[in-house]
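Engineer: Could you build all of it, start to finish, from the sequences and the hints given here?
Numbering (our numbering), first residue to last: 28 to 190.
Quick caveat, the hints were computed from the structure, so don't treat them as lab data.
Hints should not be assumed to be uniformly reliable.
Said to hold, decoys possible - Simulated pairs of lysine to aspartate or glutamate, EDC-like, Cα-Cα distance not exceeding 16 Å: (1) Lys104 - Asp149; (2) Lys161 - Asp134; (3) Lys161 - Glu112; (4) Lys161 - Glu137; (5) Lys161 - Glu125; (6) Lys104 - Asp89; (7) Lys104 - Asp133.
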Amino acid sequence: MVVRKTYEHGEYLTICDRTGLRRLRRECDYEWNGNLVWREVWESRHPQDFIHGILDDQSVPDARPDLSSDTGETTVKTTAAIFAEAIDLTSVVGIADEDSIGIVLDDGTEFWTFSDGTPVGDTVSFPPGSYLPKAATALNTVYLPSVNSRIYVSAGEVTGDDL
28 MVVRKTYEHG EYLTICDRTG LRRLRRECDY EWNGNLVWRE VWESRHPQDF
78 IHGILDDQSV PDARPDLSSD TGETTVKTTA AIFAEAIDLT SVVGIADEDS
128 IGIVLDDGTE FWTFSDGTPV GDTVSFPPGS YLPKAATALN TVYLPSVNSR
178 IYVSAGEVTG DDL
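Structural biologist: Here you go:
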């Protein structure tokens, strides 16, 4: 097709956005994306452009992580009397200064305290002012949560940073 270069009343030349060629305006149309293109190269919008996804809420309401029960354990090596300020354990592997330990007492309750310093031999010392409220017989279970890098605090010690 030959483009006329002479003036016609109401007609003007335009540049096709797709080909970059000069065309008469009456030979061009706008595409859906706003491009002014020659009718010979004009493309309609693809049908898949009109497909919209639907909302599929897969969130779990009130989600909570599982509590693992892989706490480290050892046992009491020798019987510890009531008001004892230290206790002998069969294994002190993984216990360091200020690690929490839970000792099962003879009446079945658990006594939670902290180690005061690194254990010497098999002996774990309690912090000053902390002592066994009841006796703990040999082979009673001792829980070592710090083996798993967990932090245990009492309800009075919880702050926003602990959550």
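Engineer: With reference to the structure, classify each hint as holding or not holding.
Structural biologist: Hints and how they fare:
For the proposed pair Lys104 and Asp149, the alpha carbon gap of about 8 Å is at most 16 Å, so the pair holds. Taking the CA atoms of Lys161 and Asp134, the gap is about 8 Å. The hint holds against a cut of 16 Å. At most 16 Å may separate the alpha-carbon atoms for a hinted pair to count; Lys161 and Glu112 meet this at roughly 12 Å. The suggested pairing of Lys161 with Glu137 holds, with an alpha-carbon distance near 10 Å, which does not exceed 16 Å.
Using a Cα cut-off of 16 Å, the hinted pair Lys161 and Glu125 is violated, with the two alpha carbons roughly 22 Å apart. For the proposed pair Lys104 and Asp89, the alpha carbon gap of about 43 Å is over 16 Å, so the pair is violated. In summary, the hint linking Lys104 to Asp133 is supported, as the alpha carbons are separated by about 14 Å, within the 16 Å threshold.
Violated hints, in rising order: 5, 6; the structure is consistent with all others.
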